[in-house]
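J.: Okay, here's what each chain looks like letter by letter:
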Amino acid sequence: MTEHSAPPVGPPLWLLAELTYRCPLHCAFCYNPLEFARTEVELSTDDWLRVLREARAAGSVQCGFSGGEPMLRDDLEVLVAEAHRLGFYTNLLTSGVGLTAPRAAALKAAGLDHIQLSFQDSTKELNDFLSHTRTFELKQQVAGLIKGHDWPMVMNVVIHRLNIDYIDKIIDMAVALGAEYLELANSQYYSWALLNRDHLLPSRAQLERAERITNEYREKLGDRIRIFFVVPDYYEKRPKKCMNGWGNVFLTVTPDGTALPCHTARMLPGLEFPNVRDMAVGEIWHHSEGFNRYRGDGWMKDPCRTCPEKEKDLGGCRCQAYLLAGDPAAPDPVCEFSPAHAVVENAVARAQMPGNCHTEAPLVFRDPRASRRLSAETER
Amino acid sequence: MDRADALAARPRVARLFRLQWEEAQQAWVLLYPEGMVKLNASAGEIMRRCDGERSVADIVAELEAAFASGGLADDVLAFVDMARTRGWLQ
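These protein sequences, in sequence, are chains A and B. In this text, residue positions in the first sequence follow my numbering: the first is 2, and each later residue adds one. In this text, residue positions in the second sequence follow my numbering: the first is 4, and each later residue adds one.
Hint data in this document are derived by calculation from the structure and do not stem from the laboratory. There's no promise every hint is true.
Quick list of the computed label-pair ranges, beta carbon to beta carbon [what the hints assert, rightly or not]:
(1) 24(B) to 350(A): 32 to 40 Å
(2) 39(A) to 15(B): 31 to 39 Å
(3) 55(B) to 102(A): 27 to 35 Å
(4) 278(A) to 87(B): 43 to 51 Å
(5) 309(A) to 4(B): 43 to 51 Å
(6) 205(A) to 87(B): 37 to 45 Å
(7) 54(B) to 227(A): 21 to 29 Å
(8) 4(B) to 149(A): 30 to 38 Å
With a Cα cut of at most 27 Å, we get these calculated DSS-like pairs of lysine-lysine [what the hints assert, rightly or not]:
(9) 41(B) to 109(A)
(10) 41(B) to 311(A)
(11) 148(A) to 241(A)
(12) 313(A) to 238(A)
(13) 41(B) to 242(A)
(14) 109(A) to 170(A)
(15) 238(A) to 221(A)
(16) 302(A) to 41(B)
(17) 170(A) to 242(A)
(18) 311(A) to 238(A)
(19) 148(A) to 109(A)
(20) 313(A) to 242(A)
(21) 148(A) to 242(A)
(22) 41(B) to 313(A)
(23) 238(A) to 148(A)
Taking beta-carbon pairs under 8 Å as the criterion, some of the chain B residues facing chain A (in silico) [as the list claims (entries may be wrong)]:
(24) 21
(25) 29
(26) 39
(27) 40
(28) 48
Being a predicted model, the structure only gives us computed values, none of them experimental. Think of the CB as a built atom: it goes at the ideal place given N, C-alpha and C, for glycine as much as any other residue.
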């Protein structure tokens with residue numbers, strides 16, 4: 002018995018298909034890797050069709066089409082149709098750029114179940130977005146298409162220091178567009194968002210005000226819209242149960258076919274992740290070193306190993322442990338028991354200073370040129 | 004809603020949800036944007052009969068016949084009420 006005491010591994014319920022890193026936007030909080038511009042070859046249509054079939058056979062049931070901007074793939078409709086035929090619940094995660102009336106109709110015909118519309122608020126567009134001009138018109142158009150095709154409408158807005166004070170306007174806009182769900186998701190600090198953290202992490206006062214206003218709206222609006230507010234984990238005392246556990250429910254396939262247990266895991270040192278061109282999805286999920294390394298709690302070090310709460314958060318996020326403590330097997334530094342917790346405390350302390358006088362670094366927007374420059378810097 | 008009304012209602016799976024049998028999980032699941040609820044066996048048996056055609060009383064009768072059991076009305080009514088509160092049924 003003792004040999005097989007590890008709990009059985011369930012199916013990869015959530016498949017996230019990152020179809021492309023190409024994107025018309027330049028969001029400063031993007032979670033795509035800093036080196037995204039190095040990916041030049043994307044999986045072919047046939048590769049993706051095979052991935053969908055293999056994942057469905059392995060028990061995947063939710064399928065998200067994401068990116069980059071997935072509308073830039075002109076085979077999106079083909080992929081959605083196959084996912085639908087296989088019995089997936091199909092989600093499209095888009096900024097709405099490129100979602101024209103004909104493509105919306107084709108996606109409906111292909112069986113797309115849901116569109117999550119995100120705001121292209123990269124702060125370059127912030128004023129535009131808030132003054133209800135060009136960007137608002139695009140969103141209004143896309144929202145009209147979503148409603149017209151009777152898709153449930155979920156709006157996602159990444160919240161950060163530069164837009165959090167406009168939370169009331171953001172909620173008003175979501176209501177005006179007829180959203181059924183609104184996700185006010187504070188930026189998480191990985192990739193581009195980590196690079197820009199001092200610009201993006203809100204102060205405690207900003208957060209408290211935004212939560213208070215959100216609660217007032219919830220009361221006022223009742224069942225008209227469900228509003229989710231996700232606080233940045235830097236303000237928590239315990240880490241999040243990242244991805245609901247490593248290799249537990251979530252499988253990402255990146256544009257070049259690398260299979261990952263989360264969006265950002267490729268950064269972790271000393272770990273090889275398989276490619277769907279070389280290995281079947283079921284085998285990747287159950288037998289690859291990349292997916293098994295941080296499953297369960299056998300990999301933990303102190304203080305996680307002996308912590309009474311280890312089941313609750315599984316030690317938090319491996320990427321955050323690596324980024325902030327330099328060791329992917331360390332406790333997530335968000336935890337107050339982490340030896341590296343001061344890193345988080347210092348970032349939070351800096352965020353209490355007014356304006357952005359606490360940083361001299363410029364805000365870096367996600368674009369291929371910046372990506373190539375940053376890749377070259379890390380090589381040196 | 005009194006008991007007679009509740010038994011006469013013809014609930015169906017709400018617009019935002021999709022109900023399907025998942026072979027890999029050996030369970031009925033409710034799918035919705037970016038989420039899933041795995042139903043236990045009895046919840047699955049009730050939900051899959053909520054098609055907007057059958058009344059709750061019909062569903063009770065079917066289940067009592069299928070499982071050779073009596074007195075299921077209270078359980079079914081309680082489940083339907085909970086499922087409505089959660090937005091699964093309309």
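J.: So, for every hint listed, does it hold in this structure?
T.: Status of the hints after comparison with the structure:
1. The hint said 32 to 40 Å for the Cβ distance between residue 24(B) and residue 350(A), and at roughly 53 Å that hint is violated.
2. As the Cβ distance of residue 39(A) to residue 15(B) is approximately 50 Å, the hint placing it in 31 to 39 Å is violated.
3. The supplied range of 27 to 35 Å is met by residue 55(B) and residue 102(A), whose beta-carbon atoms lie about 31 Å from each other.
4. In this structure the hint that residue 278(A) and residue 87(B) lie 43 to 51 Å apart at CB holds, the actual value being about 47 Å.
5. Distance hint check for residue 309(A) and residue 4(B): the Cβ-Cβ separation is about 45 Å, which falls inside the suggested range of 43 to 51 Å.
6. Between residue 205(A) and residue 87(B) the Cβ separation comes to about 39 Å, which falls inside the hinted range of 37 to 45 Å.
7. Under the hint 21 to 29 Å, the C-beta atoms of residue 54(B) and residue 227(A), about 26 Å apart, fit the expected range.
8. Between residue 4(B) and residue 149(A) the beta carbon distance is about 34 Å. The supplied range of 30 to 38 Å therefore holds.
9. Between the alpha carbons of residue 41(B) and residue 109(A) the distance comes to roughly 26 Å, so the proposed pair stays at or under 27 Å and holds.
10. The straight-line distance between the Cα atoms of residue 41(B) and residue 311(A) is roughly 25 Å, inside the 27 Å bound, and the hint therefore holds.
11. With a CA separation close to 34 Å, the supplied pair residue 148(A) and residue 241(A) exceeds the 27 Å bound.
12. For the given pair, residue 313(A) sits about 13 Å from residue 238(A) by alpha-carbon distance, which is consistent with the 27 Å threshold.
13. This hinted pair checks out: residue 41(B) and residue 242(A) have alpha carbons roughly 20 Å apart, not beyond 27 Å.
14. Restraint check for residue 109(A) and residue 170(A): the C-alpha separation of about 30 Å exceeds 27 Å, so the hint is violated.
15. Simply put, residue 238(A) and residue 221(A) have alpha-carbon atoms about 31 Å apart, too far for the 27 Å limit, and the pair is violated.
16. For the suggested pair residue 302(A) and residue 41(B), the alpha carbons sit about 33 Å apart, so the restraint of at most 27 Å is broken.
17. This hinted pair does not check out: residue 170(A) and residue 242(A) have alpha carbons roughly 31 Å apart, beyond 27 Å.
18. The hinted pair formed by residue 311(A) and residue 238(A) meets the criterion: a straight-line CA distance of about 14 Å does not exceed 27 Å.
19. Annotation: proposed proximity of residue 148(A) to residue 109(A) holds, straight-line Cα distance about 12 Å (limit 27 Å).
20. For the given pair, residue 313(A) sits about 7 Å from residue 242(A) by alpha-carbon distance, which is consistent with the 27 Å threshold.
21. The suggested pairing of residue 148(A) with residue 242(A) is violated, with an alpha-carbon distance near 34 Å, which exceeds 27 Å.
22. Taking the CA atoms of residue 41(B) and residue 313(A), the gap is near 21 Å; set against the 27 Å cutoff, the hint holds.
23. Annotation: proposed proximity of residue 238(A) to residue 148(A) is violated, straight-line Cα distance about 40 Å (limit 27 Å).
24. The beta carbon of residue 21(B) comes within 6 Å of a beta carbon in chain A, closer than 8 Å, and the hint placing it at the interface holds.
25. Look at residue 29(B): its Cβ only gets to about 11 Å from chain A, farther than 8 Å, so that hint breaks.
26. Interface hint at residue 39(B): satisfied, since its Cβ lies 6 Å from the closest Cβ of chain A, which is below the 8 Å cut-off.
27. Below 8 Å, beta-carbon pairs count as interface contacts, and residue 40(B) has none with chain A, the closest being about 11 Å; its hint is therefore violated.
28. Hint status for residue 48(B): violated, given a least beta-carbon distance of 20 Å to chain A, over 8 Å.
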